[in-house]
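Let chain V serve as the given structure and place chain U on it in line with the hints.
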Amino acid sequence: MALSQESFAWVADLVRRRSAIQLAGGKEYLVESRLLPLARDLTGGDVDAYVQRVRGGGHDGEHGRIVEALTTNETSWFRDSSPFTSLRTHVLPQLLSTRGSVAHLKVWSAACSTGQEPYSLAMTLTDALPPGASFEILATDLSEQVLTRARSGRYSQLEINRGLPAPLMVRHLTRVGAEWQISDGLRRTITFRAHNLLDPPPAGARFDIVFLRNVLIYFDAATKKAILDRVRRVLAPDGALVLGAAETTIGIDDSWQRVPVGTGSVYTPSRAGAAGGAPFGAPAGGPAGGPAGGPLAGGLPSPRVAPAATPAAALAGGPPGAASLAARAPLGRAVAAAGTAGSLLPRPRPAAAQPLVPGQSRPATTPRPVPAAASGAARGARPLPNASDRNPPGRSPFDRTTYDRPTPAATPVPPTRGAQR
Amino acid sequence: MRALVIDDSRTMRRIVAGNLQQLGFETYQAEHGQDALDLLDGGLEVDLCCIDWNMPVMDGLTFVSRVRADPRWRSVTLMMVTTESEQGQIVRALAAGAHEYLIKPFTPDALRDKLEFLGLTAPAWTVEEPA
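Chains as they are written, first to last, in the UniProt record's numbering: chain V, 1 to 421; chain U, 1 to 131.
Just so you know, the hints here were simulated from the structure itself, not pulled from any lab data.
Please note that the accuracy of each hint is not assured.
Claimed, not checked - Pairs of lysine to any residue, SDA-like flavour, derived with a Cα cap of 25 angstroms:
#1 V:Lys-225 x V:Arg-188
#2 V:Lys-225 x V:Gly-45
#3 U:Lys-104 x V:Ser-183
#4 U:Lys-104 x V:Gly-177
#5 U:Lys-104 x V:Thr-248
The following block holds chain V by itself, in its conformation from the complex (with noise of 0.2 angstroms):
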């Protein structure tokens, strides 16, 4: 039986108060595709019947079912890979000018679905920090069924042609059976955990860094500001913000100011928004105000002291009961009760100095290796290396984190045989 408007229209008041997505008439179609899975297991795929029955009581963990279905997932490594560029050309330096080289950062992947996007940025990271810096990525969804799947960083085949560079597959991947394993030195660097964007941010959290990307977009203008709001208030004064391609802070937040990178942008508090200390992409003007080093107060607990504590955290894959709101654990509340001082995870060595062919290295001919960021390269407020000196011949080609456009042929000429077939 089709979903009838009524039904349609319960899913859609769940999900706008769950999550503030909405679902606005005429998405019944996406409704229906999303639920059916949910059907098949209740009401043997009849989707009306479905919703009908759940309203009815006594499936409340159906509820977070339903949300966490209707929440896309899409997601895939280095998504974009404008943002990747603009982290470790830009904003990377600029906050290691006012931070010094041994700096340890603090960034939130906000909405990081199944991992890729933390892992991606904890690869830019590892290759792109001097010796000395260091970092820590929390990461975090609303999602705990997509959250245990980042956690364990297993990928499959087809997870990992989508956008992971072969010579980073590599180094942090090792091939299990079918699948792929992110290294245990790489996911040490990353803290999962549970967080609605409608909730309060990490309490007492500053961040250097947040990716908040392609979310923004499923909300109304009111919530869209909410979030920014709640986000400039744990970002560091010289911090920067990374949405989405499609999104901005314009006209609906101004207490941001855009700063244009390469093809995108990145967003940083504006002095009038901001608590003090030099705003990115001004010039270093002593101390930033931002925790310069030291621990998140109240600290990001490190993944070994609060493995996955936020019990009931997620509105989905929790017993019944998790989905309500109340029992959603806040960020602050979980890093409160692991009582640590803010976790100091030691730098993973750059494995990119070492071929993973003991002799074998790319012949002195190669045209365009790509080894980006070598470690080392990003010290004060040198940018990191660009495109002109980031391929020196005889380097691994397993140093490459970003690539390069061959120069195009100056003429082309036309084929003397082969046409195009």
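Just chain U now, with coordinates in the frame of chain V:
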């Protein structure tokens, strides 16, 4: 932008070439490494080669090594597109000079992602907005 698809399977050549054409590439095809080398030698200029591993006459790895050893083709981006998925094989191909490695089967999105990272396509973001 031009691409040379090298694969002994006609079906696979069509699939890869079709995907590349969707992304705006002008495509050419070769049945094995030697066939492809002959085309390049004859003056065909391409930006990208998509190379199968196991082929008669000349395999993909040998082709990669030959192209890399010749300065005439230093601007060509080489991407293996193969069912070979052992980690050691991927390492071998990269060490020989391949820039990327796409494992079959793959989705059109996966191919686009790789090419985007290689700087061979315009960034494409697809946003599904339920509202």
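Results for each hint:
| no. | hint | in the structure |
| --- | --- | --- |
| 1 | V:Lys-225 x V:Arg-188 | violated (33 angstroms) |
| 2 | V:Lys-225 x V:Gly-45 | violated (38 angstroms) |
| 3 | U:Lys-104 x V:Ser-183 | holds (24 angstroms) |
| 4 | U:Lys-104 x V:Gly-177 | holds (16 angstroms) |
| 5 | U:Lys-104 x V:Thr-248 | violated (37 angstroms) |
The earlier numbered hints that this structure contradicts are 1, 2 and 5.
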